[in-house]
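> Sequence:
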Amino acid sequence: GDMDIGDFDNKNKYHWYGKGATVTHTDGLQGKGALVSDMTKKNAIFGQVFTGDEVPHGGMYYMEGHVKIINHPKGSDWFEMNMKYGYKNAKQNKNKFSVVNGYPRLRSDDGWVKIAGEFELPSNCTQLMVLFQSKDKNLEFAVDEVSLKQIIPVADWEIAANEMIHENRKGNVKLSVNITYNLDPSFVGFEVRQLSHDFKLGVYVAEKIINASNNYAPDFKDRYRDYVYDNFNSATPALRFRWSKVEPTQDELDWKNSDPAMYTLKENGMNIYGQPVFENDDRRWPRWVKNMDSEELVKAMNKRANDLIGRYKGSVDQWVVCEDTLSRKGDFETYTKNPDILTKMFDFARAADEDATLLLSNNDVVRMSYLSSAMVHQINRLKDAGHSPHIDVQCQFDDDYPVEPIKIMTRLNILAEADVPIWVSQLHVQRDDVIKRADDLENFLRVAFAHPKVEGITLNGFWDEKVVQPDTSLVDTNEFNKNEAGWTVSRLFEKEWRTDGYVTLPELFKRVQSTDFRAFYGDYEMDVIVDGEVVETRGFSVHKDVSTEVNVKIDNPKHGDSVAKRSVYSADMDQFNALL
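Using my numbering, read the sequence shown as starting at 2 and increasing by one per residue.
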């Protein structure tokens, strides 16, 4: 159950302490909070210890609290704040600490912020410690409303995810039928075929192969492009949007690869997921950018947004405005001397294209929980500034960052508190054992597809010779042979998560009736079938939050139509025999 371990209005059995700091009361988020001040050393802590059976060992826990920076010591633009847990190993009798969640750049004007995450407590430990910590000993901070609860895994997470998929990814279709003559309804059926998905399944593509400008053989290029268009409805040019690629020399813009790729992708009806406009990592900037003063850099950033976004206005559907704003040290903030430069980036992007979806991207918010709360806070600040940002989460999994469905769903739930759509990008699962790769990829896709806030997933390549990391491919060799991971993606999105089937009418003798069925969001084609023959083909769409009703009128066929005669005769005879 929930444990309110940090309600500082009331006395409870959970006693907090300061190590290397003074702890007093202050105004809290609600009522009283704890003030941590007068730190005598760097890395002083505010925490508590659970011993015995107060917290069952060997389980998974969710912890949340609220923190606030009180003062702003000179010499720093921002401060790091971490929520940690630790345990004592029973065999070695040593303490081990790990970060549950953190804010790498928190300021006094941020006010109260929520910090939340999950952790796993080993069974072979003797105590649990939870704590809040900052590295600056001159800092004062407050803590309030801290709680801890055990996460009880469902008996079968896959069943729970499938139920969420059925609820979140499908809409109700009402099929109303009016038979205008004496036709037995049992002779009427409807063949439903899904033509497209609303959900965006995308992939990073090699621009030179897509636009046929490299030295690969023509048949190979065709196989590459066919795989993209047959398996995905969204694409991201892999490299050619990067600032260092577009403008390696100031004011000399290079579009020779991105222009043909964009034309080809749009000609084939692809959604374009563009990234990134900016990267908060000076190692990826053009060299000339680093020599600018702060005012010149801001002007160059404005021009960069206009150059890239303005050029493809109306063609790119989503733009990742900035990447890695938390997982790096804050290079744009440092170079521009503006802690709120992120808002400026979104201002520049929105001015360049008023219609495109704008996203903020970070790593280490889903494959681990470290930055999830900080990202929610960034999104909320952008919303306060008048923007409507979406969240982009980079998801690269390997042996160090395994796919753990319960933890991933918990982290997505934390991000969902921002109440904006979530997009997964740069997805890969690095496993040399392709069976394990397929299993892990399926587990992640099932969890992500089940979450109601996730609107799209973009994979980090698919062909073994053009992936960012080895052992992440879906197809191998120049023959593009699908491996187990590739077949898994196809099975999920072309079979399991697709609505194709046959619908019949429920009432035996009613000529005016309706039936309902659930269908995945997307566009459809439906054959109206009378006595085994198609008499009409209809199109309809199923979209989120939009009611779908399909009205079908079946009129008496022309005189002499043998199909109609058989069905009418059969209906008449059945009713006649029933009367007898």
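Everything labelled a hint here was simulated from the structure, so no lab data went into it. A portion of the hints provided could be inaccurate.
[As the list claims (entries may be wrong)] List of simulated lysine to aspartate or glutamate pairs, EDC-like, C-alpha gap at most 20 Å:
| no. | residue 1 | residue 2 |
| --- | --- | --- |
| 1 | Lys-384 | Asp-433 |
| 2 | Lys-511 | Asp-477 |
| 3 | Lys-384 | Glu-355 |
[Said to hold, decoys possible] What follows is a list of derived Cβ distance ranges for each label pair:
| no. | residue 1 | residue 2 | range |
| --- | --- | --- | --- |
| 4 | Asp-385 | Glu-508 | 52 to 62 Å |
| 5 | Leu-254 | Asp-10 | 58 to 68 Å |
| 6 | Lys-20 | Glu-296 | 55 to 65 Å |
| 7 | Asp-78 | Gly-21 | 48 to 58 Å |
| 8 | Asn-163 | Asp-255 | 14 to 24 Å |
| 9 | Glu-192 | Asp-434 | 19 to 29 Å |
| 10 | Asp-517 | Asn-557 | 23 to 33 Å |
| 11 | Glu-485 | Gln-128 | 22 to 32 Å |
| 12 | Asn-163 | Lys-291 | 18 to 28 Å |
As the structure is a prediction and not an experimental result, all values here were calculated from the model. Note that the Cβ used here is the ideal one computed from N, Cα and C, for glycine as well.
> Could you see if the CB distance from Asn-163 to Lys-291 stays within 18 to 28 Å?
50 Å, violated
> Given the hint that Lys-511 pairs with Asp-477, does the C-alpha gap stay at or below 20 Å?
55 Å, violated
> Within 23 to 33 Å: is that where the Cβ-Cβ distance between Asp-517 and Asn-557 falls?
Holds, since Asp-517 and Asn-557 (Cβ atoms, about 27 Å apart) stay within the stated range.
> Is the Cα-Cα distance between Lys-384 and Asp-433 20 Å or less?
42 Å, violated
> Asp-385 and Glu-508, beta-carbon distance inside 52 to 62 Å?
55 Å, holds
> Is 14 to 24 Å a correct range for the gap between the Cβ atoms of Asn-163 and Asp-255?
47 Å, violated
> Glu-192 and Asp-434, beta-carbon distance inside 19 to 29 Å?
Given a distance of about 41 Å, which is not inside 19 to 29 Å, the answer is violated.
> At the C-beta level, are Glu-485 and Gln-128 separated by a distance inside 22 to 32 Å?
44 Å, violated
> May I ask you to test the hint 58 to 68 Å on the CB atoms belonging to Leu-254 and Asp-10?
With a Cβ separation near 60 Å, Leu-254 and Asp-10 satisfy 58 to 68 Å, so the hint holds.
> Between the alpha carbons of Lys-384 and Glu-355, is the straight-line distance 20 Å or under?
Measuring from Cα to Cα gives roughly 16 Å; hence the hint holds.
> Do the Cβ positions of Lys-20 and Glu-296 conform to the proposed distance bound of 55 to 65 Å?
45 Å, violated
> Has the hinted range 48 to 58 Å been met by the Cβ atoms of Asp-78 and Gly-21?
Given a distance of about 24 Å, which is not inside 48 to 58 Å, the answer is violated.
When held up to the earlier numbered hints, the structure conflicts with 1, 2, 6, 7, 8, 9, 11 and 12 and fits the remainder.
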